[in-house]
Every structure is written in C-alpha cells, then in structure tokens.
Amino acid sequence: MKLGMSLYTYGADLHAGRISTEDAIRHAASLGCDGIELIGEQHFSAYPDILEEGSRLRALTASLGMEILCYSVYLNGMLRWDRETTFSEYVDMAVRAIAATSHLGCRILRPAFYAEPVQSLIELVQACLPALESYDVIWGVELHAPFHPMHYKAALDAVASPRFRLIPDFSCWARNGLPDRFMDAGLDTFQALTPYMVHCHAKSHRFDENGEDPNTPYRELLAILRKNGFSGSVVCEYEGWLQDDVPYSSLKNAVRHFALLERYGRKQ
Amino acid sequence: MVKKQSTAAVLQLLARDLLADRHLYTNANGTSCMLLLRDPFYISIPLSALSHVRLQINEYNVPESCMALSVREQFIQISACRQIRELYWHMGECAQLIVSDVVLPGLLQQKNHIELCLTVRPPYNYGLSEENIEYTVAAEMGVTV
Chain H
173 MKLGMSLYTY GADLHAGRIS TEDAIRHAAS LGCDGIELIG EQHFSAYPDI LEEGSRLRAL
233 TASLGMEILC YSVYLNGMLR WDRETTFSEY VDMAVRAIAA TSHLGCRILR PAFYAEPVQS
293 LIELVQACLP ALESYDVIWG VELHAPFHPM HYKAALDAVA SPRFRLIPDF SCWARNGLPD
353 RFMDAGLDTF QALTPYMVHC HAKSHRFDEN GEDPNTPYRE LLAILRKNGF SGSVVCEYEG
413 WLQDDVPYSS LKNAVRHFAL LERYGRKQ
Chain Z
441 MVKKQSTAAV LQLLARDLLA DRHLYTNANG TSCMLLLRDP FYISIPLSAL SHVRLQINEY
501 NVPESCMALS VREQFIQISA CRQIRELYWH MGECAQLIVS DVVLPGLLQQ KNHIELCLTV
561 RPPYNYGLSE ENIEYTVAAE MGVTV
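So the protein sequences, as listed, match chains H and Z. Using this note's numbering, the first residue of the first sequence is number 173, and each one after it goes up by one. Using this note's numbering, the first residue of the second sequence is number 441, and each one after it goes up by one.
Just so you know, these hints were derived from the structure itself, not from any lab. Misleading hints may appear alongside valid ones.
Said to hold, decoys possible - Quick list of the computed label-pair ranges, beta carbon to beta carbon:
| id | chain 1 | residue 1 | chain 2 | residue 2 | range |
| --- | --- | --- | --- | --- | --- |
| 1 | H | 192 | Z | 585 | 28 to 36 Å |
| 2 | H | 204 | Z | 570 | 36 to 44 Å |
| 3 | H | 384 | Z | 503 | 49 to 57 Å |
| 4 | H | 360 | Z | 463 | 52 to 60 Å |
| 5 | Z | 469 | H | 275 | 47 to 55 Å |
| 6 | Z | 583 | H | 291 | 54 to 62 Å |
Unchecked claim - Among chain Z residues calculated to face chain H with C-beta under 10 Å, some are:
| id | residue |
| --- | --- |
| 7 | 453 |
| 8 | 456 |
| 9 | 478 |
| 10 | 486 |
| 11 | 525 |
| 12 | 534 |
| 13 | 567 |
To be verified - Among chain Z residues calculated to face chain H with C-beta under 7 Å, some are:
| id | residue |
| --- | --- |
| 14 | 488 |
| 15 | 528 |
| 16 | 530 |
| 17 | 564 |
Idealized CB from N, CA, C, for every residue including glycine.
Chain Z with its partners taken away, still in its complex shape:
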C-alpha cells in the first residue's frame, strides 16, 4: 500500500487561514465571546470531520463543553459535531466559534493571547499514516463589543 506520509504535514500549513480576523467579539456583559474561523482543511468538510477543538485564552483552557460552532446560523456543540454528516463547513466560509463561560468577564483583557487547535479527521481516505490533522494557531486578539 502506498502511504502519503507527508500530506498531513503539508495540509497543516493551511492553519494560516484558520483565524479570519484578530477580534474576540463579545456580548455587552462579556459572558460570551465569538471568534470567526475559516475551514483550515483544503476542501469543505462535513462537521463530522471535526474531532476536537482546544482553545486557550490568556493561559486558561476553555472546556470543550463551553464551545459551539455556528455554521450558517446552525449552532452545534463541539461534542455533537461528530454526528453531523449533512452540514458542510465550506472552503473560504467563516464559521463562528462561540464561547460561553462564566469566567470570561474576569479573563478577557484589551489584548488577549489566544491559542487554538482544531483537529480534523479527513472524511476521505487518503491512505495517510495519521488519522487526524491538527491545525494550530496562536495570536494576540483585541476585544470588540
């Protein structure tokens, strides 16, 4: 069997487009915030391809249970994404990563250090030696109400 071992490493470079901008959009009382994300895979993916989302804000690890993804106004808890095969996150399209966590009001500052990692299990069988591709990005992000 031919293994394309370097494919995953090359695709990881597309993490460059993951953050659509450098803003943390918050509601008026700061109890939730939202990041605009672009599909980091090289083609559109069904949400079932999304394995995990890890988000760190100012060194605080946001529990995955506090995050949801909104694609074309359909809100889906991250843990439920694996069951969604019919809804695609399209290449170039912005989705919203919504964070609702009681610690946010005391956590967010004018400038925030963000570390984000999306783990994608490609729905197509490429014969890769790795099952998952991790897209990791770090950025300084301001708050926009």
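This is chain H alone, in the form it adopts within the complex:
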C-alpha cells in the first residue's frame, strides 16, 4: 500500500496565494510521501490546459522520488446558463481528463460527476471504457459522505470492469461531531468494499493533542486495508481548511496528518 498526500490538504495556503503547487509538492516529498494527488482545478495555473505545466509537475514529482497517484477533475454540469451539459459533452470532458491523466504518468483518474440517478454514471463510464483502455487509466469513482457506503456498488457491478474502481473517502465512516451530518457507517461496509478499491482519501477535519483524528477510525480502516492486502494508494486529504480561520499553516497540518497515516498504514 502506497501512502501519500493529496495537495488538497494545502488548500488554505494555496487558496490564499501563500504557497505554490511546487512548494506543496516539495513539502509532501519532505514528509516521505510515496506520491501525491493533484486536482486539475486547484493545482494547475493554466487549467484546463495542463500539458506544459503537467510535464513540469510530473518531472518535479519524479525528481523528488514520488509519483502522481491520482489526478482529480470535476465534470461540470452547469458551465452554461442556457442549458445543462449534454451527455456527449460529458464524454468529451471525461476523455480529455483521461488523456491528461496519462500525460501526467498517472493511472488513476477521479472524475467528480454528480450521479443522480446512478444509472447516468454507468452510461458515462461505459462510453469512456475505450479511452480508459487506450490510455491505460482507471476511473475511480469517489464515494463521499453523505452518501451511503454502498451507493455506487450497483454501478461497479453493472460496469464490471477493472477500469472502473472505487475511491472511498474516509468521511463515510466518520463518527458524529463533525460540522456536517455524517453518518456512522459500520466498518463491515468498508470491509465489503475492499475488492473494489483502487485508491482512498484519508479525510480529516481536525486532530487532537495526540495527533489522532477524533472523528475517524484511522486505526481500524487502515487495519482492514492491510489485512486485505490492499495494493493501491491512500492519501491524506485534510479538509478543515474550509472552516478554520487564518492565519494557520496547512504545512503543519500536513505533517500531523501524514504522521497519522503512517502510524496505522505502514507495516507494524
């Protein structure tokens, strides 16, 4: 299992213009991360044209001994005011993202897509399977609170392809006490989903004085992954920056968060 850092974690400082994407990559490397996750709409200053910058960030990441574990984008449904995005436009968007993922030397793409009903996701992924095959990319559908852990299981079974896998966000197994009304799903649901998983978002909103996340069962979740021989990747995704007041350092939170991930994610 590879352990890394989503640069989303550095959101407070990136959003305020205090650090650059390159600064965040170097910081992640300094922590001993195996790799990083990049988000198109957060970490590329020329998005949606990521070619030149993508080459540079890929080279920088490799030079620091890391890999790009996952590339995330949003498939926007409301780009226009006169109508919603059509199915063929969604396919075009997704195929461009698949090609961009390959350009980054990455194999996992997380395209955020509002799948209500879930059947719309099945049809979109099926339309993209040839591109996923051609570019050797896996579409990871992100499972995030407040959706039930089994929300995408029917879609995963319907597509039934190794090119369509699951990216669970730990928020689905967070306990009460968070600002949102997250559910307290049983760990058996996490266990049941492990065969579908390719990558995980280790979500946190805060840490206690011992460096533990009081809302999320990191020890148990990572033990399940290790017990099941999970060979994918898990990245820290600190989200407290959306709420916390400045000034504070996202770098310090990244240190605490990755230490927590290593504590239970490395072989013990």
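Following the hints, put chain Z in place on chain H, whose structure we already have.
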C-alpha cells in the same frame, strides 16, 4: 436525493481570501480604481460561474455596468462573464476588479469603506439546495495611486 445543504455555508467562509490586499489602486486623475481579488470558491472557476458583483464604496453603490474583471490581462465586463466558459480564474490567482465611474474623483478618500459581494453559481452540480453562493466582505481600504 441526498442534499448537501451545509456545503454552501461552509464554502462562504472562504470569503476571507477574497480581498488580496487592502488597497484601492487608482489612476492619476482618480477616474478609475482597481481592487485585487482572489477566487473565493474552493477551486478554480470558469468566469461563467460569476453571477453578480456588488460593490459599495463609501455607501455608494457602483453600477455593475461600471465594473470589469481582468484575468491575465483579459478585460471582461461583469455582465459578459456568464458567456465566458473557456477562461478560468484560478485558485490563488489575483484578478483585477476595475471600476470606471465618473463619480469616483469626488467619492474616494484617504480611507474608504468597501463592501463587496461576489455571487458564484458553482459550475459543478453538488446537489445543493441553493444554486448560488454569496461571498461578502467589508474592509477599510486606503488609496494607492
């Protein structure tokens, strides 16, 4: 359908970064001024996501027709932003809000009370109960020529 009703409220907190500094930059004769703004949404947004801009300077409501946004030296009237889907205002990037109004010379003082509200319609469908997110900030701003 699962509604994430609190998402918009949380995202509004990022208005903290909207004003990149506390300066009103004016030209020599004071007929136009400029504010440096940062994208308040949590990711980059196409300009088509910008619904409205409301600016009040010393209790004077600046007409939206007197404002333009400049992103990487591309000047776009606020009312035209809805049509611009290809140009993104990137997270962390400073854009310029340019105000050209004949009343400015008599309006601006050494210290000015500014109230700014940007309304963003997220381009991604989050299943939010609200379509728009309003980012509001108030500040005292000095004039820099």
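How the hints compare with the structure:
1. 192(H) to 585(Z): 28 to 36 Å: holds, 30 Å
2. 204(H) to 570(Z): 36 to 44 Å: With a Cβ separation near 41 Å, residue 204(H) and residue 570(Z) satisfy 36 to 44 Å, so the hint holds.
3. 384(H) to 503(Z): 49 to 57 Å: holds, 53 Å
4. 360(H) to 463(Z): 52 to 60 Å: Between residue 360(H) and residue 463(Z), where Cβ atoms are some 57 Å apart, the hint holds.
5. 469(Z) to 275(H): 47 to 55 Å: holds, 49 Å
6. 583(Z) to 291(H): 54 to 62 Å: Once the Cβ atoms are compared, 57 Å apart, the range 54 to 62 Å for residue 291(H) and residue 583(Z) holds.
7. 453: It holds, given that the least Cβ distance between residue 453(Z) and chain H is near 6 Å, below 10 Å.
8. 456: For residue 456(Z), the interface hint holds, since the closest Cβ of chain H sits about 6 Å away, which is under 10 Å.
9. 478: holds, 6 Å
10. 486: holds, 6 Å
11. 525: Holds - the Cβ of residue 525(Z) comes within 10 Å of chain H, reaching about 5 Å at its closest.
12. 534: holds, 7 Å
13. 567: holds, 6 Å
14. 488: holds, 6 Å
15. 528: holds, 6 Å
16. 530: holds, 5 Å
17. 564: holds, 5 Å
This entry satisfies every hint, going by the numbered hints stated previously.
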